[in-house]
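A.B. asks: Sequence:
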Amino acid sequence: MSGKFDVIVVGAGPAGAVAAYYLAKEFDRNILLVDKAVFPRDKPCGGYLTARVFHRFSFLKPDLSKMIEVPTYGSYFYSPDLMRLEWLKAEPVGYLAIRRKFDTYLKDLAVANGVEFRQETEVVDIEIKEDVAKILTKGGAKYAGDLIIGADGARSIIAKRVRIKENSKGTSKGLCVEKEIEVSEDFLERTYGTQRPTHYFYGFGNIIGYGWIFPKRRHLNVGIGGPAMHGKFLGRVFPKFIKFLQESSLLPESVENFKGFKAALIPTSTALYLKRSYSERVLLVGDALGIASSLSGEGIYQSMSSGEDAATIANEALSEGHGNSGILQRYDRLWKKDLGRELKTAGNIMQIGTTGDKADLIAKMNLFFRRMQQEKGLFEYFVNQFFGL
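Each position in the sequence shown, counted from 1, maps to that position plus 75 in the numbering used here.
No lab work stands behind these hints: they were computed from the structure.
Only true hints are included.
No more than 25 angstroms apart at the CA atoms, straight line, and that leaves these computed lysine-lysine pairs for DSS-like:
no., residue 1, residue 2
1, Lys-136, Lys-176
2, Lys-439, Lys-419
3, Lys-100, Lys-111
4, Lys-204, Lys-79
5, Lys-419, Lys-248
6, Lys-412, Lys-100
7, Lys-315, Lys-337
8, Lys-217, Lys-235
9, Lys-111, Lys-209
10, Lys-433, Lys-315
11, Lys-111, Lys-248
12, Lys-439, Lys-451
13, Lys-213, Lys-79
14, Lys-209, Lys-79
15, Lys-217, Lys-204
16, Lys-433, Lys-419
17, Lys-451, Lys-419
18, Lys-337, Lys-248
19, Lys-141, Lys-164
20, Lys-141, Lys-176
21, Lys-451, Lys-164
22, Lys-111, Lys-254
23, Lys-307, Lys-254
24, Lys-176, Lys-118
25, Lys-235, Lys-118
26, Lys-235, Lys-111
27, Lys-217, Lys-79
28, Lys-318, Lys-118
29, Lys-176, Lys-254
30, Lys-118, Lys-254
31, Lys-204, Lys-235
32, Lys-433, Lys-248
All figures in this text were calculated on a predicted structure; none of them were measured in a lab.
Can you build the whole structure from these sequences, using the hints too?
C.D. replies: This is how it looks when you write it as structure tokens:
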């Protein structure tokens, strides 16, 4: 076991990398960041970054081109019966990224600011004592710190070990399958132009969710997702969605390999059901906490936000010489102040849209789209909630 760190961050995705960065850069703390993967690594995700990512984390703007593929200037939303609503703007409303590139940049930024990083380091257990928190790795190594930040994803070993998610009032989980498809830049320019609009197809294949296609620089990210309870159908619907996109001229006909798609569990708004997001010497962030929007599935901004909030409270705890839950409960209040209202609103909307007979729900989607077509204020409200504007 090496020397004691101020904070050990488990998981080097956006939540963990941002937490580590702030603790090292802003608060001059001794930080260990570990991840079970070897970077760069892929991550099942559409890779849509809302513009607010770079509004809040403005220090990233100078290197924007190193992180993202292209800006997007709007979206098209389709009802199950293919009525289309347009939302296009003169300025970028978001950015499309390849996750292996974006995540690696954030991790490298943390390392450049003094964070010690160890990859291929899978945490299998933790040990919490009155004066120390330790992690045990699959390889048998032990590392000690004052605090642990669990940023290890939807199946978080940290959350499991401290039993934060046991006996919660409920869960809210989504599931998606997606594939990053390389296509010619000529096809992308002809089909999507410089605006690179994203497309969302609600109720495709009678899925209570949506399919999407995101046009990047040299890739199209294609996916489909919805509540986890309908997840068993996604693998069967996905090839049909690919063919539909080809017939709609949104995907080249030359794309033949429908295999190799990746699946991901999305803990959407799970954090709202938890009694707490902390334990003795432990804070949870990102998907380990369950902080993605249940309306859109967006989780990158929420993860980064929770990472910054956790760093703030961890620094306060270190400054006051305590890692007990009495101080760490401030984190609960802080992340809920940032995200609680939007997560609750998204959850309420999804509750209405996913409760009932599937045929009735598809019919309701069609009716809702017609209402949005007639009532522009309702459409703007939907878009604002969807993108967290």
